[in-house]
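Going down the list, the sequences are from chains Z and A.
Numbering-wise (my numbering), the first sequence opens with residue 1 and increments by one.
Numbering-wise (my numbering), the second sequence opens with residue 508 and increments by one.
Keep in mind the hints are simulated off the structure, nothing from the lab.
It is possible that part of the hints are untrue.
[To be verified] Keeping only pairs whose Cα atoms sit at most 30 Å apart, straight-line, the calculated DSBU-like set for lysine-lysine is:
#	chain 1	residue 1	chain 2	residue 2
1	A	LYS584	Z	LYS172
2	A	LYS584	A	LYS573
3	A	LYS573	Z	LYS467
4	A	LYS584	Z	LYS174
5	Z	LYS196	Z	LYS174
6	Z	LYS219	Z	LYS174
7	Z	LYS219	Z	LYS172
8	Z	LYS219	Z	LYS196
9	A	LYS584	A	LYS625
10	Z	LYS174	A	LYS625
11	Z	LYS196	Z	LYS172
12	Z	LYS172	A	LYS625
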Amino acid sequence: MSGDRPPDRPFPPGEYPVVVIGSGPGALQFSHALDQLGIGRATISADPSPGGMFRRLPLFQRLLSWTKPYALGDPASRVGEWYDWNSLLSDEVSLRAVMPALMDGTSSFPTRANMEENLATFVSRSGLQVRYDCAWESTRKADDGRFVLTTSDGDYTAQVVVFAVGMAEPWKPKTPGIELVPHYVEAGRVEEYAGKRVFVIGKQNSAFEVATALLPWAKQIILASPRPATLSVVEHSLAGVRARYVQPYEDAIMHNGVFMLDVKIDRIEALGAGFRVRMSRTEDAREYTYEADAAIATTGFAVPLRDLPALGVATFAQGKQPALTPWWESVSVPGIFFAGTITQAAAGLRKHGIPANSGALHGYRYNALVLARHLARTRFGMDLPRPVLAPDEVVAFLLEAATLAPELWNQRSYLAQVVSVSGEEGWRDEGIWPLADFVDSGGPDAVAITLEPDPAARLYPAVYVRKGGVVEEHLLDPDDLNEYRGSEHRSQLTSILAPLLPAGRER
Amino acid sequence: MMGRMADETADLLASLTLFADLGGPQLEAISHIFEETTFGAGERILRQGISGSNFYVVVEGEGLVKIDGVERATLSKGDFFGELSLLLGVPPNADVIARTPLRCLVLAGPDLPSFLSKYPLVMYRMLVAMARRLRAATEQHA
Chain Z
1 MSGDRPPDRP FPPGEYPVVV IGSGPGALQF SHALDQLGIG RATISADPSP
51 GGMFRRLPLF QRLLSWTKPY ALGDPASRVG EWYDWNSLLS DEVSLRAVMP
101 ALMDGTSSFP TRANMEENLA TFVSRSGLQV RYDCAWESTR KADDGRFVLT
151 TSDGDYTAQV VVFAVGMAEP WKPKTPGIEL VPHYVEAGRV EEYAGKRVFV
201 IGKQNSAFEV ATALLPWAKQ IILASPRPAT LSVVEHSLAG VRARYVQPYE
251 DAIMHNGVFM LDVKIDRIEA LGAGFRVRMS RTEDAREYTY EADAAIATTG
301 FAVPLRDLPA LGVATFAQGK QPALTPWWES VSVPGIFFAG TITQAAAGLR
351 KHGIPANSGA LHGYRYNALV LARHLARTRF GMDLPRPVLA PDEVVAFLLE
401 AATLAPELWN QRSYLAQVVS VSGEEGWRDE GIWPLADFVD SGGPDAVAIT
451 LEPDPAARLY PAVYVRKGGV VEEHLLDPDD LNEYRGSEHR SQLTSILAPL
501 LPAGRER
Chain A
508 MMGRMADETA DLLASLTLFA DLGGPQLEAI SHIFEETTFG AGERILRQGI
558 SGSNFYVVVE GEGLVKIDGV ERATLSKGDF FGELSLLLGV PPNADVIART
608 PLRCLVLAGP DLPSFLSKYP LVMYRMLVAM ARRLRAATEQ HA
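Isolated chain Z, as found in the complex (with noise of 0.2 Å):
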């Protein structure tokens, strides 16, 4: 691509107060929130274009996270972010809610194309700068603590390394045989498996959406893994098999030439064009051969990390992901934090097992402007606005978060609104905070406010009241239509605020 490169490439290699590594969403998205914060930094990038893996991917080219057109608000507006997943966030409003434009009204789902037309016009109206086709290769710490960078353009120094790379290497487990299988980037064309009994590696949303890719074409379908399929409308988790894609799950159920099996596959073997797969069964250990015309590995992907674990960054899940803190930094390597989809690999407080969402666009490109907020004021000494709230306005406000608050709906039991409190600076309203970090960390005396779903996917406001450093935890009753603002919330939350009173003062 070094022919094609436009003569003056942004960000020649340098010292940088952050390096950002990346261009896909996340990399966009944190990028954007540095420049509104007025922080330098250098955004480089191996791939030639934005878009990250949206370039190829999904395999068959129709997003899971939709955008809504038609939302309560303007889709520009706040409210408009809970129904559009795909638009980078931005304080400008000529660069809100970029996707809703592009959908012609065929599906609530974008096609990937949408997305990388969606990423490639908020670069283009935002002058968002990225060198791309520059390559990171290395990772060390200079003896001033800094982090040196080489690349394929030379050395990056910078005290902050910001790794937006995404959850992009194929992965595979350690089955004997496997490595004969393709991995799902690797899967062919559809019509390459007609006729064909296929054997799909997996039981999670990729085995899912290539078993309904190849509905209309294969003989057989068989869904092969330890655990059974989960459903996302059972365990109310995205975590779960999408229901855009559970026509094969019914196919199972209905025992029409889709089969779902519990099984340790024990060893894959070549069979001429095909394959044989020994398995064991879970249950029983009961063992099964299959033989097989095509093979499919759905098995998932992990952080291409390259030398960052020589460097010390502790990993976990196999070494697939960085152990981060709640403010998605190393826990074992001050000074290299990560945006985009690898966040989730801060799992926060899960309440009732519930992931956040941090793992898709809509939860993570929060986590963005949180972590630039972050780094403005722990690491570049920045003062940022910290609104004072009369105190008769405090209940309203943080009601008015759980009810319309985009950060609270997509990342629950994740972000909380947090205010706080001091007699010589009265309420403030202090943002959007992890609120692992807010329960455990300790702090002054505030007071953090989020959404939570319990066991049975009821949504409730749950607020947490830190008092001389200790918090305690207040759940609010549930409301069948998301309101929160009525007069039996402000009652509660009244009552529960009251330690947070100076003596003898009421709102």
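Assemble the complex: chain Z is given as a structure, and chain A must be docked to it using the hints.
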């Protein structure tokens, strides 16, 4: 910090007392039901008085059990925690904090009853461990 585990983790599960009675395919299934999670030293895992917690089994590292800030016990490989609040349906009455980097297996709290029903041998092992704890506590206060 959580992630799905894979087949080689079944060997790790086999080394933990809680799962010692299970065979290979069952361990494989469990390795996909639980998730792996790693906490940095000093990080809080179970939070006293905070609802919605989960069930954890320590795989590597050391943890501390604290009640009202007072250290009561230590946790190491093979120990598990979180089950009391889940079985009783109340928030935990203790904090669990990672003393060293702590690697755990985690099961979503609402899934614990069905998991124990499906794997009664694990339930039996858990019962034995809890009986030991009760006996130790009784002797301590005798």
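Here is what the structure says about each hint:
Between the alpha carbons of LYS584/A and LYS172/Z the distance comes to roughly 27 Å, so the proposed pair stays at or under 30 Å and holds. Taken as a hint, the LYS584/A and LYS573/A pair is honoured in the structure, with Cα atoms around 18 Å apart against an allowance of 30 Å. Annotation: proposed proximity of LYS573/A to LYS467/Z holds, straight-line Cα distance about 20 Å (limit 30 Å). Straight-line distance between C-alpha atoms of LYS584/A and LYS174/Z comes to about 24 Å, which keeps the hinted pair within the 30 Å bound.
A hinted pair counts as satisfied when its Cα atoms are at most 30 Å apart, and LYS196/Z with LYS174/Z qualifies at roughly 26 Å. Between LYS219/Z and LYS174/Z, the direct Cα distance comes to roughly 28 Å. Compliance with the 30 Å bound is thereby established for this hinted pair. Proposed proximity of LYS219/Z and LYS172/Z is supported: the alpha carbons are some 26 Å apart, at most 30 Å. Between LYS219/Z and LYS196/Z the alpha-carbon distance is near 5 Å, which keeps this suggested pair within the 30 Å criterion.
Among the hinted pairs, LYS584/A with LYS625/A is consistent with the structure: their alpha-carbon atoms are about 24 Å apart, no more than 30 Å. For the proposed pair LYS174/Z and LYS625/A, the alpha carbon gap of about 27 Å is at most 30 Å, so the pair holds. For the hint linking LYS196/Z to LYS172/Z, the alpha-carbon distance of about 23 Å falls within 30 Å, and the restraint holds. Between LYS172/Z and LYS625/A the CA atoms are separated by roughly 28 Å; this keeps the pair inside 30 Å, and the hint holds.
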